[in-house]
Every structure is written in C-alpha cells, then in structure tokens.
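**Student:** Take the given structure of chain A and dock chain B with the ligand to it, following the hints.
Residue numbers (numbering that gives the first Met the number 0), protein chains in the order written: chain A, 0 to 321; chain B, 0 to 281.
Hints are supplied without guarantee of correctness; some may be wrong.
Computed list of lysine-lysine pairs in DSS-like fashion (alpha-carbon distance at most 30 Å, straight line) [as the list claims (entries may be wrong)]:
#1 B:Lys236 x A:Lys243
#2 B:Lys102 x B:Lys151
#3 B:Lys102 x B:Lys40
#4 B:Lys236 x A:Lys124
#5 A:Lys302 x B:Lys66
#6 B:Lys102 x B:Lys66
#7 B:Lys25 x B:Lys100
#8 B:Lys66 x B:Lys88
#9 B:Lys40 x B:Lys265
#10 B:Lys100 x B:Lys88
#11 B:Lys88 x A:Lys243
#12 A:Lys124 x A:Lys215
Please keep in mind that the hints were generated in silico from the structure rather than gathered at the bench.
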Amino acid sequence: MSKRPTLHLAFERDIVEIQAQISKLLDLAERRDLDVTEEIEGLSGRLELLKQQTYENLEPMQQVQVARHPSRPYTLDYVERMFTDWVELRGDRTFRDDEAIVGGWARLREHSVMVLGQQKGRDMKENLRRNFGMPHPEGYRKALRLMRQAEKFGRPVIIFIDTPGAYPGVGSEERGIGEAIAFNLREMFRLRVPLISAVIGEGMSGGALGIGITDKILMLEHAIYSVISPEGCAAILWRSADRKEEAARALKLTAHDLLEMGVCDQVIPEPSGGAHSDWDEVAHALEEVLYDTLSGLSKLPPKQLIESRRSKYNSIGAWREA
Amino acid sequence: MAWFRKDKKPLTAQGRRDVPKDVFDKCPGCGEICYRERLGKNLNICPNCNHHMRISVEAYLSILLDKGTFEELNEDLSASDPLGFSDQKSYPERIASAEAKGKNEAVVTGTGTLDGIDITIAVMDFQFIGGSMGSVVGEKIYRVADTAREAKVPLVIVSASGGARMQEGIYSLMQMAKTSAALSRLHDEAIPFVSILTHPTTGGVTASYAMLGDVNLAEPGALIGFAGPRVIEETIKQELPQGFQSAEFVRDHGMVDRVVDRRELKDTVATILRHQYAGWDT
Ligand SMILES: [Zn+2]
Chain A
0 MSKRPTLHLA FERDIVEIQA QISKLLDLAE RRDLDVTEEI EGLSGRLELL KQQTYENLEP
60 MQQVQVARHP SRPYTLDYVE RMFTDWVELR GDRTFRDDEA IVGGWARLRE HSVMVLGQQK
120 GRDMKENLRR NFGMPHPEGY RKALRLMRQA EKFGRPVIIF IDTPGAYPGV GSEERGIGEA
180 IAFNLREMFR LRVPLISAVI GEGMSGGALG IGITDKILML EHAIYSVISP EGCAAILWRS
240 ADRKEEAARA LKLTAHDLLE MGVCDQVIPE PSGGAHSDWD EVAHALEEVL YDTLSGLSKL
300 PPKQLIESRR SKYNSIGAWR EA
Chain B
0 MAWFRKDKKP LTAQGRRDVP KDVFDKCPGC GEICYRERLG KNLNICPNCN HHMRISVEAY
60 LSILLDKGTF EELNEDLSAS DPLGFSDQKS YPERIASAEA KGKNEAVVTG TGTLDGIDIT
120 IAVMDFQFIG GSMGSVVGEK IYRVADTARE AKVPLVIVSA SGGARMQEGI YSLMQMAKTS
180 AALSRLHDEA IPFVSILTHP TTGGVTASYA MLGDVNLAEP GALIGFAGPR VIEETIKQEL
240 PQGFQSAEFV RDHGMVDRVV DRRELKDTVA TILRHQYAGW DT
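Chain A on its own, in the form it takes in the complex:
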C-alpha cells in the first residue's frame, strides 16, 4: 500500500478503527517479539470484508463523498504512476498560467501523448494556488492550446477530469468563462487525433465538460459526473442544501448510472475501500484500460474519428416525438 489515508469519511470509521488495531498490534509484536500472525489474519479478513460491504452499498451522496475524498489520487498522482518523460507545459499565451488545469507531454509505454487534467491541491496552500481545481477561462484556453499542439504532431490526448466546476468569480466572467468553455466544446469536435477522458473524481457541470469532449469516456467506479452538484441542485429545487441526499439520488450521477445512460463507455473498478486506499492499484488498473483504448483508437483515420465523436454525442438524450 503506497498511501494510507490520513483522513476519513464518517462511514469509514469502522474501517479506520480496524486499520488502527492492526498497526497497533504489529507495533506491539515488534517491540515484544511476539507472534501475532493469527490475530493479524483475523483482523485483515474482517477489514477486507468490511471494506467490500461498505463500498458495495454506498448511497449516492456517499459516492459523492468518496469522489471528493481528500486522500483520493488527483491528476498528477496518476501522471506520476502511469507515465514517463513527463514535461509540464504551462500558460495560455494570452493571460496567465492557470494551475487548476495541468498539462504536458508524457509517455504511456510506447506512445507519446498529451496529458491534461484539472488538479486539486493536497493542502490549503496548494489549494489556493490551484483554486481547489476550479479553472478560470485561461485554464480552458491553455488546455486547447495543448490539445492543438498534440494535433499538430499527431499525438493523442489523455484527459483526467476532476473538478467541482469552473470558477464562478468576477475575473472568470470578465475574461469570458462561458466563451472559453463553449469554444473548447466546438474545437474538440474538430481535433484530428484520438481524445480519451477519464473521470477520476468529481466531474461537475460545464467546468468538467470544457475539457471533456472525447472519443471515449472512462469513469472510475466511485467517480461522479453531473450537471450540477447535489448541494446546488437541492438549494434550487428543494430550496435547501440539506436535501442533498435526495438530490444526489435523483440526479443519477454515479459511474454505473452514466454507463447505463450511455454517456460513459467503461467503468474501471477501484480497489475495495476506494481509490484512496491504494493509489498504485487504481493507477495500474486505469493505465491498462487507457492503453487498450488508445491502441484501439489509434487505428482509426482522423475523418472517421471526428465523425464518430460527433455521432456519439448526437445520440445522447431522451425525448418524445409524436
């Protein structure tokens, strides 16, 4: 296990407790030179079972909490584990570098690829720099700049989606956040190279979609993708943010919901206990799928790629026609 969660959610309390018991016991065994194999085995078995039970039966709002888990791996954690030769590229060449979106060249096994993603901060200091993963217009413009560079050199683009939304602020509106997202949506439908996205945490609203027009949409098992946050939805439709559980249920925002609705192409299982319980394992699982997906898409000629990308989105929706 490469990373032990230091923070936990309310429904994870029992899991964390058993984990603490195990490490206490190990500690004791080492100091007193005792054999605790049997006890550890028992506890580990209980832990595994509890994790499975907990994570297989999450309520939608609990899914949202897992997707936002402060110990969950973020874009750069995947970059570190999946790619080599990473070279970060910065700036939109017009206004500034928006650190809520990161991007650059990287190598996925034999493929050179452009990697992009929203990036949340691990602590308050980093979050101030990265604006909690909420991009300004210049973030979307940087993203498009990098995607066009990938296109220029015939390289695919891999996109990690993880944002509470585009930033609703004064500068954001002044510099045209609506236009920046809209322009990306249109231009991503015109790029002549394979585009793959993976929702790794929260994919919230236009802020997620602004870098999310792709040939394949992958989602981690406990990631979410929604038109609005459950809190925002509850505040508007129920007139109280306290009704977020109901809103989360109604919005159908889990990976399995999206797969069923034909928006998500593939759900990638997370380790029992969620992605935050084992960063290496989830990165490995995602890498496998990304590699296979990329290999499939690389065979398609650009014209066909664009055409099927457009048809894919064209078929999303439900209506009645007399």
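**Tutor:** Positioned in the frame of chain A, the structure of chain B with the ligand alone reads:
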C-alpha cells in the same frame, strides 16, 4: 429557393396577449407607466429609458423574419422523463404546468426569410421552465443546425436561458456538447451563424451555442454570463458592481460584438449575413 414552402400560417403579434388585460405596464427599468398599446408598437422598449422588456417567441419571429415566411420544424418534439426525476414536484408535473402556458418546449425552430435571405432560426422561450436546456432543446437546435448545413443557409439563434434542465441530469449537460457538435459542422462548411443573446442568457447555453456565433449580438441591458450573479456573490462574499454581466459589460470585455437595439436587430443581421455569405440568390 424552392426548399422553403411558403404557404403557412401568418404570424400575429401575440406578445401582448400573454399579459393581463390591463392598459398599462410599469417599466422595470425606470418605473415609468407606459401605455401597453404604445409599448407594443415600440417592440416593448420603454420610450423613456430604452429598457428592453421581455417579448414572446412569436414577437422575435415577427421582428426578424419577413411576414408570413416562418415554417416551424420539429414542433412535435417534447420532453420525456428519462431519470424519473422528482423534487418537490415531479418533472412531468413541471412540464405539464409549463405546457399549460401554450408551448411544448423552451425553443421554437424553423425556417423563413430575413430581408429576403433564406435562414434557419431558433428562438428560446424563457417562460418555459426558465428557458432551460434539456434533451428537446438540444435535439431541436441540433436538427435546425443540420437543416442549415444541408440547405446551406445561415443559422440565427435567439437565446434566453437560465441554463441546464437539472431534471434531465447528465443528459442536460451533454446537450452543450451535442449543440456544439452541430455547430462544429457548420463551422467546417463556412455556414454563417449569428447568435443573439437576450435577457437573461446564462449557464450551459452561454457556455455552448450562445457564445459560438461568428457574430454575437446582445440586446441592451441583457444579463449575460456563465455563473448567475447570486452564485458569484455567494462565492466571493462580496456584492457585485452595478452593470456586472450586462450586455454592455460583456461587449466591453470582448465576448459579444455589438449591443443592438431591438428595432435595429433585423437590419443588423441582414447586413452581416450579406457580408458573410453569397450563397443565396437575392
Ligand atoms: Zn423605462
């Protein structure tokens, strides 16, 4: 152009019939009491302060299109309830009460001529669940853009929207993508698209087709933005300055080309289209 059949119902100015049968209206801009009849003749623009009051879809069609040329397309598309969504009211109930006002969705699309120029057109209706974009709006915009592409005639969209139709969940978000896909095809084939933003245009519509015009025009004083002003104020814990996100503000920040008086809208669009496109025989 033979492609348009021009034998259908003439348009009437219905904008005035929607409101109670009073004789006066109070201008929300300056408080002036105006004669409704006089206001109607002035396209619902306050004679005192130039405030552009809301007008109906039919009123926009009659302002922009030549008399009797409008042909509606895909008028029988209506919302379904793919999520089985229910908050304090069920989604089908919300649709039913919106439909009771006369429209079956938040956008009307079709064809017509504008100063003799064949065009395709979409006009959004803020009265229908806040002009929110769900699957029907997305599909109708997609189809009208496709009609524009096949017939090689310009597209004009008049937007008014509070954003996405939350009751359709992820489907509503994906309509931003779908409409942008349609516009990417128009863009590839150099078919003109003029976007007209009216009060208010926010959320997912701003972050998709409304901002994607070759030329973006806005009505004076219209609220235009991505995030609504209340959301921004809650985020930054400050009051927003006067005029923030107004059409004029958005123009000055480079996101729309011109703020155009409603009375000059048709001429402005016609002039632009003639510059952009020589694909018609007028
Ligand atoms: Zn007035």
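**Student:** Now look at each hint and say whether the structure bears it out.
**Tutor:** Evaluation of the provided hints:
1. At roughly 22 Å between alpha-carbon atoms, Lys236 (chain B) and Lys243 (chain A) fall within 30 Å of each other, so this suggested pair holds.
2. For a cut-off of 30 Å, the pair hint linking Lys102 (chain B) to Lys151 (chain B) stands: about 29 Å separates their Cα positions.
3. Using a Cα cut-off of 30 Å, the hinted pair Lys102 (chain B) and Lys40 (chain B) holds, with the two alpha carbons roughly 24 Å apart.
4. Simply put, Lys236 (chain B) and Lys124 (chain A) have alpha-carbon atoms about 20 Å apart, close enough for the 30 Å limit, and the pair holds.
5. For the hint linking Lys302 (chain A) to Lys66 (chain B), the alpha-carbon distance of about 42 Å lies beyond 30 Å, and the restraint is violated.
6. About 21 Å separates the Cα atoms of Lys102 (chain B) and Lys66 (chain B), which keeps this hinted pair within 30 Å; it holds.
7. Using a Cα cut-off of 30 Å, the hinted pair Lys25 (chain B) and Lys100 (chain B) holds, with the two alpha carbons roughly 22 Å apart.
8. Distance check on the hinted pair: Lys66 (chain B) and Lys88 (chain B) sit about 40 Å apart at the alpha-carbon level, beyond 30 Å; violated.
9. Simply put, Lys40 (chain B) and Lys265 (chain B) have alpha-carbon atoms about 16 Å apart, close enough for the 30 Å limit, and the pair holds.
10. Pair hint Lys100 (chain B) plus Lys88 (chain B) holds up; C-alpha atoms about 18 Å apart against a cutoff of 30 Å.
11. For the proposed pair Lys88 (chain B) and Lys243 (chain A), the alpha carbon gap of about 16 Å is at most 30 Å, so the pair holds.
12. About 34 Å separates the Cα atoms of Lys124 (chain A) and Lys215 (chain A), which puts this hinted pair outside 30 Å; it is violated.
Checked against the numbered hints given earlier, the structure breaks hints 5, 8, 12 and satisfies all the rest.
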